[in-house]
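**Student:** Given chain A, work out where chain B should sit, using these hints.
Protein chains: 2
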Amino acid sequence: MKRIGFIGLGIMGAPMARNLLKAGYALAVHDIVSEKVRALADAGAQAAGSAREAAARSDVVITMLPNSPEVRQAVLGPDGVLEGARPGTILVDMSSIAPLASRRIAEEVSRKGVVMLDAPVSGGEPKAIEGKLAIMVGGPTEAFEQVRPILAVMGSAVTHVGGIGSGNVAKLANQIIVALNIAAMSEAMVLATKAGVSAEKVYQAIRGGLAASAVLEAKMPLVLKGNFRPGFRIELHIKDLLNALDTAHAVGVPLPLSSAVTEILQALKIDGKGADDHGGIIQFYERLARTEVRHAGP
Amino acid sequence: MKRIGFIGLGIMGAPMARNLLKAGYALAVHDIVSEKVRALADAGAQAAGSAREAAARSDVVITMLPNSPEVRQAVLGPDGVLEGARPGTILVDMSSIAPLASRRIAEEVSRKGVVMLDAPVSGGEPKAIEGKLAIMVGGPTEAFEQVRPILAVMGSAVTHVGGIGSGNVAKLANQIIVALNIAAMSEAMVLATKAGVSAEKVYQAIRGGLAASAVLEAKMPLVLKGNFRPGFRIELHIKDLLNALDTAHAVGVPLPLSSAVTEILQALKIDGKGADDHGGIIQFYERLARTEVRHAGP
Numbered sequence: 645m646k647r648i649g650f651i652g653l654g655i656m657g658a659p660m661a662r663n664l665l666k667a668g669y670a671l672a673v674h675d676i677v678s679e680k681v682r683a684l685a686d687a688g689a690q691a692a693g694s695a696r697e698a699a700a701r702s703d704v705v706i707t708m709l710p711n712s713p714e715v716r717q718a719v720l721g722p723d724g725v726l727e728g729a730r731p732g733t734i735l736v737d738m739s740s741i742a743p744l745a746s747r748r749i750a751e752e753v754s755r756k757g758v759v760m761l762d763a764p765v766s767g768g769e770p771k772a773i774e775g776k777l778a779i780m781v782g783g784p785t786e787a788f789e790q791v792r793p794i795l796a797v798m799g800s801a802v803t804h805v806g807g808i809g810s811g812n813v814a815k816l817a818n819q820i821i822v823a824l825n826i827a828a829m830s831e832a833m834v835l836a837t838k839a840g841v842s843a844e845k846v847y848q849a850i851r852g853g854l855a856a857s858a859v860l861e862a863k864m865p866l867v868l869k870g871n872f873r874p875g876f877r878i879e880l881h882i883k884d885l886l887n888a889l890d891t892a893h894a895v896g897v898p899l900p901l902s903s904a905v906t907e908i909l910q911a912l913k914i915d916g917k918g919a920d921d922h923g924g925i926i927q928f929y930e931r932l933a934r935t936e937v938r939h940a941g942p
Numbered sequence: 645m646k647r648i649g650f651i652g653l654g655i656m657g658a659p660m661a662r663n664l665l666k667a668g669y670a671l672a673v674h675d676i677v678s679e680k681v682r683a684l685a686d687a688g689a690q691a692a693g694s695a696r697e698a699a700a701r702s703d704v705v706i707t708m709l710p711n712s713p714e715v716r717q718a719v720l721g722p723d724g725v726l727e728g729a730r731p732g733t734i735l736v737d738m739s740s741i742a743p744l745a746s747r748r749i750a751e752e753v754s755r756k757g758v759v760m761l762d763a764p765v766s767g768g769e770p771k772a773i774e775g776k777l778a779i780m781v782g783g784p785t786e787a788f789e790q791v792r793p794i795l796a797v798m799g800s801a802v803t804h805v806g807g808i809g810s811g812n813v814a815k816l817a818n819q820i821i822v823a824l825n826i827a828a829m830s831e832a833m834v835l836a837t838k839a840g841v842s843a844e845k846v847y848q849a850i851r852g853g854l855a856a857s858a859v860l861e862a863k864m865p866l867v868l869k870g871n872f873r874p875g876f877r878i879e880l881h882i883k884d885l886l887n888a889l890d891t892a893h894a895v896g897v898p899l900p901l902s903s904a905v906t907e908i909l910q911a912l913k914i915d916g917k918g919a920d921d922h923g924g925i926i927q928f929y930e931r932l933a934r935t936e937v938r939h940a941g942p
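Residue numbers (this note's numbering), protein chains in the order written: chain A, 645 to 942; chain B, 645 to 942.
With the rest of the complex left out, here is chain A (with noise of 0.2 Å):
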């Protein structure tokens, strides 16, 4: 059994981290923050002082961390995995980056004989707590499969989409179709609601046809209740749809609406909501149509 370094035990991070413990993993952990290392200790998981003490102990090393300048910065600065790895040491990263950032880093560590997998997830805190993650994963097909073991313990759905940064690729793709299918039922039900109809009353009436969505179904109960507890924060989406702007003018794609919802972000943002959950896009037009689309009543 593969023993398992794993770096960055955020949100995401400890409850990825308390479920390969369970299933048995020996695994060394790190955080900059010294109580959730303890906290993970606790759990029967050892605590290592930095990256590289966590990465010399372990074959398969995993990083879960906010973004490109925190991966590099853990994986290739001081003390980071590359001074504790060895030739043939897998480095997981499962945190949710620029694709161009992650072929940077796979192309640096390689030249220590690390191999690097881009493995970010989606479906958030409560499938992180069940181990029921879709895992999204690019680079070399031999690596994917001596992890995929490992990986199968944090979800349930774990694709190899190609090369190194295909993994982040499919889930800014992700990211787009989410924020924008978002902004989409805002923009319908707050002119539903402002044109004096029921949005509830036109969910129903839409919700079996070609509008039907996930988000649609996941969010919209949460506007009716006017909730807008994260979930996934508004500032994180902003970072990725940064990370896919970034991306779409290095390789040449127009990308006006994914641009435009972004800014609506930002306004939000600005506007004190950044740690509402995504949904509450809806507030930006809630604000300016000076309506609430929530419906009376329990």
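The hints are simulated quantities; they were obtained by calculation from the structure and are not laboratory data. Computed from a prediction, not measured in an experiment: that's the story for all the values here. Hints are not guaranteed to be accurate.
Identical chains blur together in the list; that is why a pair holds if it fits in one copy or across any two.
[As the list claims (entries may be wrong)] Mimicking DSS-like on lysine-lysine, the simulated pairs with C-alpha atoms at most 25 Å apart in a straight line are:
#1 Lys883 <-> Lys680
#2 Lys756 <-> Lys771
#3 Lys771 <-> Lys845
#4 Lys845 <-> Lys883
#5 Lys771 <-> Lys869
#6 Lys680 <-> Lys756
#7 Lys917 <-> Lys666
#8 Lys883 <-> Lys917
#9 Lys845 <-> Lys776
**Tutor:** What follows is chain B alone, placed relative to chain A:
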């Protein structure tokens, strides 16, 4: 059994009228194109020389026409429905028109004791043929209950949304969501392709999560085949979105993304693609990014 007048025998109206004939209703049909009237007469309908004449022979008059001006003309114009109707006639406008136009026409016909419902449909020609349209109805409950059996012949989901105009508000909400969900898929998949990742693999990786939608399932397989045969034409979707924007301006809702996707559709129409299926939105991105998402193979 109520006698029905049916005005507008186009791609949608003709199969809807045929289904009413099959269900045993006496039908007086009219269209400005006389061959279309003859085709229905051959199937057992009575040919009417005008909308007035069709209305004079009927208890319920159904209109299925391109847009608001055509409905106004057929209902309120010379030799129109109102000239032939009696107090108690129910007018069911199944066209997709501006909700404010529905409200104004309803007010005018009410002076002669005619009750109007707006009952636009979703599902396109295939569902019209199968009698499985989604029908969104606005107007008085009593009139809705009287024509519900007739609507149930043409549709499998018949929803009473609210007062007059509400059916068209629900339809506009539906069309906003569908157009933006197609555009979202397009931005995501052209980005993936141009970043060197198989759009089909990205589709497989994300279709089970929060990015899932009826649009993704209906349109992505066609996009992968490069098949943009309508289906629902880009130029008709432009009409619906312009009605949505007009309504939004009248009631005071900003629709920045609906406005942007309307311009993208307009660009495609200018480029000669107005008769393509709305799934062809992706061609706007493919052309600018100089790539094609379609996969190789059969």
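**Student:** Against which earlier hints does the structure fall short, listed by number upward?
**Tutor:** Of the numbered hints given earlier, those the structure breaks are 2, 6 and 7, listed in rising order.
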